Every structure is written in structure tokens, then in C-alpha cells.
Amino acid sequence: MKVHVSDTSDAVAQLIEQSESYLMEAGVPFAAVHAAILSLEEMVVNILKHGKLGDRSLDIEVALQLDAGCLMIDISDDGQPFDPTVAMPPDHIDAPLEDRPIGGLGIHLVKTLNDELIYRRSDGRNHLRMVKRLPEAGLTTASPPCPDSPPS
Amino acid sequence: MTAEYLEQDGVLVVQPGKRLDTTTAPEVGRELSTRIEAGANRVVFNFQNTDYLSSAGLRVMMVAAKATAKNGGGVALCGANTHVKQVVELCGMESLFKMAGNLDKAVKLL
Numbered sequence: 000m001k002v003h004v005s006d007t008s009d010a011v012a013q014l015i016e017q018s019e020s021y022l023m024e025a026g027v028p029f030a031a032v033h034a035a036i037l038s039l040e041e042m043v044v045n046i047l048k049h050g051k052l053g054d055r056s057l058d059i060e061v062a063l064q065l066d067a068g069c070l071m072i073d074i075s076d077d078g079q080p081f082d083p084t085v086a087m088p089p090d091h092i093d094a095p096l097e098d099r100p101i102g103g104l105g106i107h108l109v110k111t112l113n114d115e116l117i118y119r120r121s122d123g124r125n126h127l128r129m130v131k132r133l134p135e136a137g138l139t140t141a142s143p144p145c146p147d148s149p150p151s
Numbered sequence: 000m001t002a003e004y005l006e007q008d009g010v011l012v013v014q015p016g017k018r019l020d021t022t023t024a025p026e027v028g029r030e031l032s033t034r035i036e037a038g039a040n041r042v043v044f045n046f047q048n049t050d051y052l053s054s055a056g057l058r059v060m061m062v063a064a065k066a067t068a069k070n071g072g073g074v075a076l077c078g079a080n081t082h083v084k085q086v087v088e089l090c091g092m093e094s095l096f097k098m099a100g101n102l103d104k105a106v107k108l109l
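Chain order of the listed sequences is S and E. When you line the first sequence up against numbering that gives the first Met the number 0, it's residues 0 to 151, in that order. When you line the second sequence up against numbering that gives the first Met the number 0, it's residues 0 to 109, in that order.
Hints in this document: simulated from the structure, not taken from any laboratory. Bear in mind that the values here come from a model prediction, so they are computed numbers and not experimental data. Treat the hints with care, since some could be wrong.
Said to hold, decoys possible - With a straight-line Cα cutoff of 20 Å, these simulated SDA-like cross-link-like pairs (lysine to any residue) come out:
#1 E:Lys17 to S:Tyr21
#2 S:Lys110 to E:Thr81
#3 E:Lys84 to S:Thr111
#4 E:Lys104 to E:Asn40
#5 S:Lys1 to S:Leu57
Start from the sequences and build out the full structure, keeping to the hints where you can.
This is how it looks when you write it as C-alpha cells:
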């Protein structure tokens, strides 16, 4: 499934709805669907909030694919270079309530919910691949490794 | 309607809809701030109808926890499904909120 995300207020809601129905119809377990749409929301909202370069509107492409027991989500955007794989975890996660800043938890969630995050910058675009291994009911043999390089 | 607001034994009960996410959280946040400023200092988030919580929703809950703690109050959660609980726990926030199995228990905890 491929979606172009426009820079409008209801674009994220539409993306979430489309992705959720695509994954549910494909028979993906709900826990994995939940992790996927949460990861999508966190990353796309982050790009829309912080990725803008000047007044130019952002071009964001999202692709979802299921392959060899893995769910892969590719997000590509032409905004500010940003590598979430090297973003630091929030250091306030165990801080007392009054010391905690509001926010900054989205990327932490995305890292925790996915098995792998792969980032590269090329042709003036950020390419992020989030990989989640899906539990395969009834299978005892190890499944092949997930494809790990984002498409060029 | 992104959420319903009720009162039980002097406690404000917020019942979000199916999702508390980047689309619905800002409105809930505004409504809650108004009510907390007007004196509500004990708040229960009742997630019985909610199957999806994102960090935007967590942010609203955290703002409410901070604002009510200032006035000696607090925030409790109830009715959370496993996914909602997972998000709260992955962010290390389970200690910020009083967790209860149902609404009556949540109200009593505050």
C-alpha cells in the first residue's frame, strides 16, 4: 500500500484509517496493527511539525508492505535531515512528575515498538524503514530474516 | 464528539472516544485545561471506549497530572485495554497515574 500524505490537518487521520483497514484486511494481529499505526502517527506528525524547510510544503510518501512474516513501513520525506535512529532516548523517563518536560516521547515509543529502524538520507530525502516481525501462529521453524534495506 | 465529560463524587471523569491521538487530543486538552482552571483537581480518564492512545494523548494526560498535582489533586486511569496500558508503560508513565480496574475504584483512589 502506498500513500502520499498531504500537508493538511486531516491528512494524518486519513493515513491512520487507511493503514489500519489495509493491515486488518491483510489479517495482521491487532497488537501489531496498533504498533504500526502508532509508529506511523508518531513519525509523520514529527515530520509535519519539525521537518519543514522554509515555506515550501512537505512531500511525504508512506508505503506499507508485508513480506516474509515482517511488516515494513517506509516513510520518505523531503524535509530537514533527521535521523531518528540516533535521537537520544528521553532522559526524563524516570524523573519525578514535576521534573518531566511535556512531550518528546514519540520516538522512544517508535523505537520500542519496532524490531528495527533503518535510516538513510539520499537525493535530498529522509528514508526511514520501520520493521516489525509478526508472530506466526503454529510455526515452529525460524522465519527468514526481514529484508533490511529501504528501497532506493 | 472527541470525549464525554461526567462527574462522579466530585471527580471529573473524562471518557475519550475510540482514539485519543494527534487528531482528538488537542480538543480534549483545551477542555480539560479549562475545567482544571475552574477548580477540578481530581480527574479520571475512563478508557472503556478507547482502543488507541498515542503520545499526543499521553501528553494531555501528563499536562492534567501536572496541573492537578499543583492543587493537591491527581489523575487516575481506568478501563484501559492492553494497548493503551502498553503505551503508558513503555513511556514509563504508570507511576504518574493511579491505575484502577473500573471507574468506581478509580474515583475512590483520588
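Can you give the numbers of the hints that this structure goes against, from lowest to highest?
-> Hint check: nothing fails, all pass.
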